[in-house]
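**Student:** In case you want the letters, here they are:
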Amino acid sequence: MSASPRKTDIGPPHYEQFLPPVVKKNYGQWKYHEILKPGVMVHVAASGDKLFTVRAASPRLLSIVTIRMFADLADRFSGGFLRFTSRNNVEFLLSDPANIDPLIAALKKEGFPVGGIGPSISNCVHTQGWVHCHSAASDASGVVKAVMDDLYPHFANMDMPGKLRIAFACCLNMCGAVHCSDIAILGIHRKAPKIKHSDLPKMCEIPSLVSSCPTGAVRPATVEGVQSVEIIEEQCMYCGNCFTVCPAMKIANAENDGLSIWVGGKVSNARTEPKFSKLAIPFLPNNPPRWPEVVGAVRTIVDAYAANARKFERMGEWIERIGWPSFFRLTDIPFSKYHIDDFKHAGETFRRSIHMRQV
Amino acid sequence: MSASPRKTDIGPPHYEQFLPPVVKKNYGQWKYHEILKPGVMVHVAASGDKLFTVRAASPRLLSIVTIRMFADLADRFSGGFLRFTSRNNVEFLLSDPANIDPLIAALKKEGFPVGGIGPSISNCVHTQGWVHCHSAASDASGVVKAVMDDLYPHFANMDMPGKLRIAFACCLNMCGAVHCSDIAILGIHRKAPKIKHSDLPKMCEIPSLVSSCPTGAVRPATVEGVQSVEIIEEQCMYCGNCFTVCPAMKIANAENDGLSIWVGGKVSNARTEPKFSKLAIPFLPNNPPRWPEVVGAVRTIVDAYAANARKFERMGEWIERIGWPSFFRLTDIPFSKYHIDDFKHAGETFRRSIHMRQV
Amino acid sequence: MSEERKKRETPLLDELESGPWPSFVKEIKKSDTPMADDLLGVLERSYEEHIGHWKHGGLVGVMGYGGGVIGRYSDVPQDFPEVAEFHTMRINQPAAWFYTSDALRKITDIWERHGSGLTNMHGSTGDIVLLGCKTEALEPTFAELTSLGFDLGGSGSDMRTPSCCIGQARCEWACYDTMGACYDFTQTYQDELHRPAFPYKYKLKFAGCPNDCVASVARSDMSFIGVWRDDIKVDAEQVKAYAASGKLDIQQDVCDRCPTRCMRWDGASLAIDNANCVKCMHCINAMPKALAPGDDRGAAILIGAKAPIVGGALLGSVLVPFIKMEPPYEEIKELLSRIWDLWAEYGKNRERVGEFIQRLGLGNFLEQIGLEPVPEMITAPRANPYVFYQDTVEEEA
Amino acid sequence: MSEERKKRETPLLDELESGPWPSFVKEIKKSDTPMADDLLGVLERSYEEHIGHWKHGGLVGVMGYGGGVIGRYSDVPQDFPEVAEFHTMRINQPAAWFYTSDALRKITDIWERHGSGLTNMHGSTGDIVLLGCKTEALEPTFAELTSLGFDLGGSGSDMRTPSCCIGQARCEWACYDTMGACYDFTQTYQDELHRPAFPYKYKLKFAGCPNDCVASVARSDMSFIGVWRDDIKVDAEQVKAYAASGKLDIQQDVCDRCPTRCMRWDGASLAIDNANCVKCMHCINAMPKALAPGDDRGAAILIGAKAPIVGGALLGSVLVPFIKMEPPYEEIKELLSRIWDLWAEYGKNRERVGEFIQRLGLGNFLEQIGLEPVPEMITAPRANPYVFYQDTVEEEA
Ligand code: SRM
Ligand code: SRM
Ligand code: SRM
Ligand code: SRM
Ligand code: SF4
Ligand code: SF4
Ligand code: SF4
Ligand code: SF4
Ligand code: SF4
Ligand code: SF4
Ligand code: SF4
Ligand code: SF4
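Protein chains in written order, with the working numbering: chain A, 1 to 359; chain B, 1 to 359; chain C, 1 to 397; chain D, 1 to 397.
Since the hints were derived computationally from the structure, they do not count as laboratory data. Check the hints yourself; a few may be wrong.
Computed list of chain A residues with no C-beta within reach of chain D, every gap over 12 Å [what the hints assert, rightly or not]:
(1) K37
(2) G187
(3) P220
(4) G296
(5) F328
(6) V359
Stretches of chain D that chain C covers, calculated by requiring three or more beta carbons in the stretch to come under 8 Å of a beta carbon on chain C [said to hold, decoys possible]:
(7) 64-77
(8) 270-282
Keep in mind that this is a model prediction, so the values were computed, not measured. Built from N, CA and C at the ideal position, the CB exists for glycine as well.
When you get a sec, could you build the whole thing from the sequences and use the hints?
**Tutor:** Written out as structure tokens, the structure is:
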């Protein structure tokens, strides 16, 4: 193999080779779909052809052993065809409806339950956490496992008012793009980075380090004779950008790192425009392995939503309809100065009208 | 008189002495009101007492001769009681409905028509202009006179979908508070101030002058041997703040000063929250004495609103319902890069969704 | 007041004497004083040249006061000597601009003696604006005005002349006594009004209900907007009468325009889900005979409105969602003094309180003035994760 | 792949093996390689200590490429030597994540030979993430992957791996061929993908309709969102069937949820005022058998979405309200290259294109890339008067 000329810039394989025949035949000719039961839907083409999809949960972090198991199931039930979704579930693409139930049974046996379609809680988009990233303020996979264990019935059933999307990111870089999720769990640092003055001059460029700080908290300084930087602690809001730029600015801190909860974001244009998630709970402790505070908080919010939102209404639509003060009252989440924006466009979030439910 | 001790800090006279008896008696006990005809309304108290109001137009800039004429009319028709409104109209407060028509006739004879109540165009709030202010980019009274002459039928009749409030301010200081009007006419400068280096050091404090510029366009400089300032012209957006702080920075410029038109603001909380006015037309020339371009532009906007808005709908509510693209199409006002915000919170005005009427 | 003078030719301005709207040119001509004459002349020149002819003010005023007079000088004094000095005096109007004919006549008499004979009834802030006099006229005018019971209004970096809507004097919707409150605050803060000691101006406006007829939410650093907490009062018979009148489609014009759609109309009766009413006033405005604000009335206090100079315009933002408005307004005055103290100490020169709050952060501002944050103050919590956390665990030494 | 090794004690992680949701701990244990073992060990330590144990990456990669590999080193290599180096490889996924069992098996075989046996299916950007290998494994893995027909994805300041929703492969609403477009753009920009030469990352995502199942509006510097221009297609019979089904209240669940309320339902037939439809998809989503997007289909292009670092998160904003999406997409590619040129020249280091546009001003940006401003690009015109006027009259010399 090493003898063959080195290939580069070939890009991904063309997708066509991975499409089931029914898809190739009816590409662009689908007419409608129906959800048959939790985790199962059928798409009907203009030709009358049908494509059955069975969607199973995935922890995203998959062993090659499991991937092979999926491949085996695909061979048995879906002609060898399968795909993953944009939320990391696995989907088997079946032509024969008779295979649906056996496939579900086989998946279940392997520990991969079926669901997540329609008005349900689908998989939780997440990131690396302590498994792989240097920036993480928490573990991603662990929190997600704990939360999804608790919410599992809502994955397996279509018992939500509308779609409810949960995402997790382990630091403010937000690789999980939690900024637009119905519920977002975000790992946070709460202490200014500790500077390793001995390493800094070797590892980092001081000017770009200084300019990396959005609040100007990082200033050039000579410390114990070395050209280094100092941090004006009151100006630091723990974004970690200086650390991204310079490894000698470690920001992780066992006592103070933890999680925050955000709610009401969405990306679809359905009914209302896409929205950012907004701060619900500024801080919850890192409490592995099952993060009960986080699990409980998410559950409280899901329950309030499930009990009060109207059909089709997403989390943020519901909250905007009832007003944020009502959200805080219904969930019993305390409101604090941390909830009040004080970043660049803060003033845009101040209530500039009398439109209040007076209580 | 000069013998008596100097009085200070007495504040305004207590209002009670100016209240008609029916008002004193029913203070806080009014039950409802009805508009009887253009410019005339009645308020009915819990006691059954009635107070009739006749509202007349005013140019705001009043000679003492006219004020005395108003006083005379008040004596004849309203027991000597009258008031002015927050939009500078004059209101006569009558107990006897028989006086309404004679008063209207007398006012008309003096050139002060009655109207402005209900769904109509009331008086145009405005400012000093070339009559008194050093900052003015146009005249206030003249533009207002020309515009209101044209719109007069809408003052005298209640033929608008809802209230329509027009305001004028002669420079970006916006003393007319035009930032929240259905239609606002705003005097604008379009050239960086010219610096009088000979006067500057005598008249102005350079550090506070430099810091007065929001864009940092004013920089300290030595010009022909004197400590003065320079202006980076590309950074100047003609706000005039440096001129407010330093008279040696004259910003008025006969060729380039002119007017801009803004639409869709409101302050009431009725239905929708208070809104800022938004840019409709970036520039129209100063064309005294009748500013036909401005008069025409305002008329176009009023007509489009009158023809298309729903009952009660204010200008901004109408535009938001149909969308800004439709507003520009309906009025044939060209859209340009000047309409696109590029100030501090510009990004908040970018369309961040698919919600568009596709045409 | 007429006398034989050679009148200036003002062909451009003369064109503004015609038309249905009352003419300011006629007004200037009516005044017929030498000052008014020269004003007309210099204005005609501005109309010809498309540029103003006034210079910056400079410090003019009356003894012991720092505000209330706007100094103004002509830049062509040689051509228009009568308006070489042309200062305006701002006179604190009576609450809600009520007058008797008698009071008005006395003011005009004073102004005939000392000034141009021209006024603005009223200035945008609310003052009686006496438009144009010479420096030497200021003190005598002031003396006569105070004898009559009038005083100057504000200008410069002071508390500005407060103003209010007509409120309970005529309006059935006034949720508190706007005129009483406006008068009370004006009197309490006479020193703050006359002697500029703030970083910048500070305006107070009092509106009796959310219709805000005095534009307080746009134009005052602190606005008091009347509102109620209990249920809208419904007169069911009158609702039916409106429906029967044919002038109002209750479903379309009222219910469908309610911002929270909290009303139900079944063709015969109107039900309001008051818990979801945001007190916008629309339904009450539309049916004044049938609906009225509830009985548990007070005001919301908003802070920080201003025009655009220089950080951009601001609307007021909720500081106190609801408070009873009862004299002597102690709680409010204590709050106001905490705000003024903080702003006076940390505000920058020419920084309005609304900008100051944004710079400081509303959360910090509340902490400093001792108010609890409540979610009514905002439309939504922060969307960015840049929180300045404070209650963190400190490292052991 | 099992072999006899002393397994680490991981009592905390073991607790995460139970419960109905699939367990990542089980996955790590299943992999059963020395690397997976040490990963479990170091993770258990993080669970004990509440802190991660990874250091910054450093420059690792494959020859000739600047992206596609994330270097990662342990800060406790002595205790967990197998993960002392633990780099991930990002492999460009096939469009819309379609596979055959055969392709998947071949990938797993390669990863068994060279890596930890752990993956993410998939990374947040869309790549196949091969999680954890040593530096020495990078080249051989790359060689085997390319032989199989796979290539690396993006990382660093390059074009990132584009991704797309399933689109026309299964979805009845896809307004263009997302998978075709995604593949085409990925191939066209192989150089930009592998060799970082931009100020910062640049992500492309393709969504077939405004439901945006690939979250493009939040997560891509340039998003292509399918949309139509003509009328929604209505199957009147199917509408009635939905009404009859009892599962949907057409007035309440559909019409009242339409953002512009442009639909009328009289109990028997549905009328849509398509001129006021803003293509939100809601009614179509609610009644997939009855309604469908029109036939004049294309996409809107939005620009500038990003996460919050460091100026705050942005959603994409409309750059092109509507364009036909037809291969070879020349017009779009020309536009894209004008954007990249401008941004590459004037963008600051680590400045995303969305932030760049805000710094430059959208109006100026449009001028530079030669696009006409249209009102669809904004939600409202500016409210502040700070206009940089350009077409002014110059003074005579
Ligand atoms: C007299 C005055 C108060 C004063 O103390 O001077 C006043 C008096 C009344 N207002 Fe007002 N408003 C007055 C300025 C305002 C302003 C301020 C302004 O225009 O600068 C506003 C806010 C305008 C805005 O939003 O930009 C204002 C917004 C309203 C509204 C809300 C209208 C809306 O749909 O937005 C109502 C309710 C209505 O008319 O349905 C209202 C209703 C009323 C009522 C009916 C209240 C009452 O029951 O007495 C009064 C007569 C209404 C009329 O003129 O049609 N008043 N009203 C002001 C008359 C100004 C004038 O000469 O035209
Ligand atoms: C007379 C009046 C306009 C009028 O014709 O009615 C006026 C006139 C001036 N205003 Fe004003 N303002 C007047 C009400 C306003 C208002 C409206 C209001 O109070 O409701 C505003 C907008 C609301 C606000 O306060 O923000 C207003 C916002 C300004 C500003 C911008 C302040 C800002 O923070 O954005 C300036 C600039 C400054 O303070 O240097 C200003 C400055 C000025 C100055 C003093 C000019 C200057 O640069 O020093 C003007 C003197 C003109 C003259 O020759 O007499 N004036 N000014 C109003 C006062 C009359 C009165 O006392 O009743
Ligand atoms: C692997 C992945 C998370 C995951 O578990 O899925 C990831 C991991 C990292 N991201 Fe990310 N990002 C990943 C998708 C994202 C996304 C989501 C997306 O692309 O849809 C975002 C938000 C959208 C965006 O681009 O803004 C994202 C926003 C960031 C940012 C913040 C960028 C910003 O402008 O705000 C950083 C910081 C940086 O660039 O320095 C970042 C930086 C990083 C780094 C390279 C850490 C760093 O500081 O250098 C992480 C390496 C982790 C590791 O150890 O492997 N990552 N990152 C995702 C890439 C996998 C893949 O290729 O498929
Ligand atoms: C498979 C997948 C696309 C892919 O290429 O992988 C997909 C597929 C479908 N989506 Fe989606 N969506 C998928 C991610 C998304 C996302 C992206 C995300 O979650 O990160 C969104 C945006 C979510 C948001 O706004 O935050 C999304 C917003 C929608 C919506 C709008 C829902 C709403 O009311 O806001 C619909 C319409 C509906 O369900 O009524 C929709 C509808 C659909 C339909 C019915 C389209 C169709 O006719 O085939 C598909 C099955 C729906 C279902 O799962 O209930 N799909 N869909 C993604 C499955 C993710 C998963 O495993 O759960
Ligand atoms: S969110 Fe932060 S910690 Fe998590 S993978 Fe991304 S960069 Fe790393
Ligand atoms: S963490 Fe962020 S705010 Fe704090 S010093 Fe570093 S770059 Fe600045
Ligand atoms: S708006 Fe400007 S020009 Fe007009 S009065 Fe106010 S400060 Fe003077
Ligand atoms: S006019 Fe405004 S922007 Fe221009 S130099 Fe003066 S202060 Fe600066
Ligand atoms: S603000 Fe309210 S109370 Fe005051 S006059 Fe207007 S409608 Fe009446
Ligand atoms: S006051 Fe406004 S919010 Fe309240 S019920 Fe009436 S219309 Fe609705
Ligand atoms: S974005 Fe639209 S076209 Fe693509 S899968 Fe989702 S619903 Fe279908
Ligand atoms: S797509 Fe949305 S906007 Fe268009 S008719 Fe349907 S619900 Fe209304």
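**Student:** Indicate, hint by hint, whether the structure satisfies it.
**Tutor:** Verification of the hints:
no. : hint    : in the structure
1   : K37     : holds (15 Å)
2   : G187    : violated (10 Å)
3   : P220    : holds (18 Å)
4   : G296    : holds (16 Å)
5   : F328    : holds (23 Å)
6   : V359    : holds (26 Å)
7   : 64-77   : violated (count 0)
8   : 270-282 : violated (count 0)
The structure fails hints 2, 7, 8 (numbered hints given earlier, in ascending order).
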